[in-house]
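Here is what each chain is made of, one letter per residue.
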Amino acid sequence: MKYDVIIIGGGPAGLAAACGACENGAKSVLIIERAKELGGILNQCIHNGFGLQYFKEELTGPEYAERFINLVKDLPVQISLDTMALEITRDRKVKCVSSTGGYQELEAGAIVLCMGCRERARGAISIPGDRPSGIFTAGTAQRYVNTEGYMVGKRIVILGSGDIGLIMARRMTLEGAKVLACVEIMPYSNGLTRNIVQCLQDFDIPLYLSHTITKIIGRTRVEKVIVSRVDESKKPIPGTEIEFECDTVLLSVGLIPENELTRAAEIEIDPATGGAVVYENLETSVPGIFAAGNVLHVHDLVDYVTEEGKRAGAAAAKYALGEHRSGKVLKVESGSGVVGPVPQLIRLENVAKSQDIFFRVRNIYQQANIRVLDGDNVLCTFKRNHMIPSEMERIRVPRTILNQAVSDRLVLSVESREEEQA
Amino acid sequence: MYDVLIVGCGIIGAAAAYELSRYNLKIGILEKYNDVANGATKANNAILHAGYDCVPGTLEAKTNLEGIRLAKTLCEKLDVEYRQLPAMVVAFNERQMEKINVLYKQGIKNGVPGIRIISREEILEREPNVSPKVIGGLFAPNAAIVNPWEYAIALSETAVRNGAELYLSTEVTAISKEDDVFKVITTNGEFLAKYIVNAAGNFSDRIHEMVGGKGFHHTYYAGEYYVFDKNQCRLVNSLIFSCSEESGFKGTTIFPSVHGNLLAGPNFYQVQDPEDLATDGQRLAELKKNILEVVPCIDFRETIREFAGIRPSTNIDDFIVGESPYCPKFINLAGMKSPGLSAAPALAKICVDVLRDAGLTLDLKDEFIDTRKRIIFRELDEQSKIELVKKNPLYGRVICRCETVTEGEIVEAIHRPIVPRSIDAIKRRCNAGMGRCQGGFCGPAIHMILARELGVSPLDIVMDEDGTYILTGPTKEVAR
Amino acid sequence: MKQVVCIICPKGCRLSVNENTGEVLGHGCNRGEEYGKNEVINPTRVITSTVKIAGAAYPRCPVKTNGAIPKELVLKAVRLLDDVELHAPVTLGDIALKDIFGTGVDFVVTRSMERAE
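Protein chains in written order, with the numbering used here: chain A, 1 to 422; chain S, 1 to 480; chain H, 1 to 117.
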């Protein structure tokens, strides 16, 4: 079976890619989704805060997903639920399996990778101690509580103040648990201020910045955790130990793009993002294979995921219809203060009016300049008044500016304006 | 009344049960945890040692060599992951080189095939990622890696298929003997037996003491390991041992696992409690340093998890195998430190001989089931995958993305002769949840499948041992 | 004077609000002034949670309040949900619990869920 575009993943990125592909001429689109329903992780994100940018409305995760699920119903999009993509090949075949459809090998004019991401688990950050039950990543707990309808604990300590941890602090409290503390290793919280207020402060849950869990104790189930303050190099300071008697630890310590399929197809991965290296139109190092959403780089706003999904779908449709890109390539690299720019490569002749570049900053900046450098030459500067590592930044670089590049690489860097004046 | 009761179903007890189930005997196996292989068998380095580490003339030396000779066919018959790999002990200074020479001589005496001293150049040619500071080493081609818990599961499942009776969550608390019959009191009832085989691992001293035995009181030694993502596995091609200068400690090893991960460890420290498997930040940091001295390019950001393993040590420098001088018809298979895993099949055969000498009548069964085959979806070729899913659609639903494990495999594992009752028991049998995300995504799905297949509430499912509950109650039931 | 961090935009202006007069200092815009006043005089919240549902693919259905209710009612309001049981099929927007404590605000379904076999 051959499709114009096959999309791996039916979460927000995949749903948007399907829309983008159909809007740009694709006549046959297939979404392969491993769960029994579309929507991806949004189905378990029952809290508010989605869609403020895209719909100018504040929606819960399931509501946001349902908007796109309904859109896709009216498009020439086939959906294969309960189906796992096992392998993709460089000549754009997809091998997948499902209990109803069996094992199948499909062909695509173009593929869009939208597999999302997974959570970092305990071992990856090495918390020493016993091996009791009661340690969950925040997302796994969220699945049990919101979808399966089971509580995972009564007295909870949360490690990591990113939004998932904060959201679960509130969720567990509303379901009758006692959240004793949120512990964050950095000197600032990773989450939105709104969540600090409405998830922690509303319920008098203390936030311990510059602290981390140094030991978990419990023979069969968690019994207590030891929390210590850390110094500038994130090492625990002896003598600062606080003990919490709890039965549950929720970990919210980072997300990792889910690139099993990508790696197996030997598509180039960028170690800075954990996702594929892509061109200006979200095409990966393998022609005709595109990537969007958390699988490409971890987002904080689903609205950006939707935009990115649409662009990838559009580019995939165009590829399937014969429009293949090439041309001189500008590399986009990180300079001081910047990490993980996407796209990493720009084929200049394919940029229409401007090119959006997304990245994260390494520190908190109150008044800063983002500079795009070509060698020593500053091509352009963007002023920003408030940038933090947990919020993805976007700059829109005009084609006319990109044309001025003499070398084959652009470097993005951030300087605080006070430094400039000094 | 059992002819033989085996106390403990780790690799030693499982191997003994397997051998004994060839004979027309009523065999009972008493296992204190809720799954087999839950002690040292679960937490070791899974290496079948070449045998140069053992002091010549000891039972350890004899059974290590014999055990690894038997392992290859056994693992093939019973479908246990096994891979032959060379072992290399590397030295970074002259004192370590002297130790290497001692090991070499031991290896020759023990009959280790193909053992030789290896030059710095050859080490770096075979293993370009070993630190260039290496000056020489020892090479033995006949070592191997195995899936240690699958080994024990395969042996004990086969024993059960051949009529042995396994009692899980059954801890022996007292043993008395009257009129030549043992009365074994456990947390799960009383058992009577003519002979007892003590394969209780870390607790074998206590079991022996229950019948008035003396002579080997345990101290415990532990070791921590790092498990790395599969992308680190290409860094080594063999089992690389650093040269240990401590007795009783084989040295920190860097080696692949049968699942394709890289493992590194252990360190070596004493613990009081044989169930204290806690890891320690400082110890792990020290271990990391030692590992990087041998293979400097290992990326520690790619660790998936760490674990600790414990084994007993006694004042006797060998395995303690034989009828106890304190209690007739009580057979010890104790003192199982390394190379216990390597020696297991050979020790099992010796156990049979000891029982025969102690008076047990052994006549071989006419029929003995001696093979086992699992269905591992991800290893099948495409045609087999297509047919399998057609026959049983549950093999078409992939539950664990990281390791490509299907619902069919999980359900099959639940309905085997030894029923897994915890999430980790499923993990060990199917590899689900062993990958990068460590069960974060598939955990709830496995949980619900297990509850469904066992016919119990999800609230009753534990993570691993009894008492490791996962859920505390349904949502919306706060006030009740 | 109460101290409040404004959450309207990422700037996070630190506001000082007089509980008695409602006067706000430190705001960077009108929306912030409005937020500060409300947050001190009459703080409200939108609540999201789940309710039991029978006959659907999963045993819980997500719900939210279709308006903001006084903050001090939040913990009591979620306990009302303990006694709600919906029956599939439900449609996004269906009312799960009407008029929470006389506020005129309802809990509504946020995910359409079909009947499952």
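One or more of the hints may lead you astray.
As a list, the in silico DSSO-like pairs of lysine-lysine whose alpha-carbon atoms are at most 27 Å apart [stated by the list, open to error]: (1) K36(A) x K72(S); (2) K11(H) x K178(A); (3) K71(H) x K383(A); (4) K76(H) x K178(A); (5) K73(A) x K11(H); (6) K76(H) x K154(A); (7) K95(A) x K230(S); (8) K289(S) x K215(A); (9) K2(A) x K373(S); (10) K365(S) x K215(A); (11) K72(S) x K93(A); (12) K71(H) x K56(A); (13) K235(A) x K289(S); (14) K95(A) x K289(S); (15) K72(S) x K365(S); (16) K390(S) x K36(A); (17) K52(H) x K154(A); (18) K72(S) x K234(A); (19) K93(A) x K177(S); (20) K95(A) x K373(S).
What the hints contain is simulated information worked out from the structure, not anything from laboratory work.
Checked hints:
no. : hint              : verdict
1   : K36(A) x K72(S)   : violated (43 Å)
2   : K11(H) x K178(A)  : violated (31 Å)
3   : K71(H) x K383(A)  : violated (38 Å)
4   : K76(H) x K178(A)  : holds (15 Å)
5   : K73(A) x K11(H)   : violated (39 Å)
6   : K76(H) x K154(A)  : holds (18 Å)
7   : K95(A) x K230(S)  : holds (22 Å)
8   : K289(S) x K215(A) : holds (21 Å)
9   : K2(A) x K373(S)   : violated (37 Å)
10  : K365(S) x K215(A) : violated (53 Å)
11  : K72(S) x K93(A)   : violated (39 Å)
12  : K71(H) x K56(A)   : holds (24 Å)
13  : K235(A) x K289(S) : holds (17 Å)
14  : K95(A) x K289(S)  : violated (43 Å)
15  : K72(S) x K365(S)  : holds (24 Å)
16  : K390(S) x K36(A)  : holds (19 Å)
17  : K52(H) x K154(A)  : holds (20 Å)
18  : K72(S) x K234(A)  : violated (48 Å)
19  : K93(A) x K177(S)  : violated (69 Å)
20  : K95(A) x K373(S)  : holds (26 Å)
Consistency with the previously given hints fails for numbers 1, 2, 3, 5, 9, 10, 11, 14, 18 and 19, ordered from lowest to highest.
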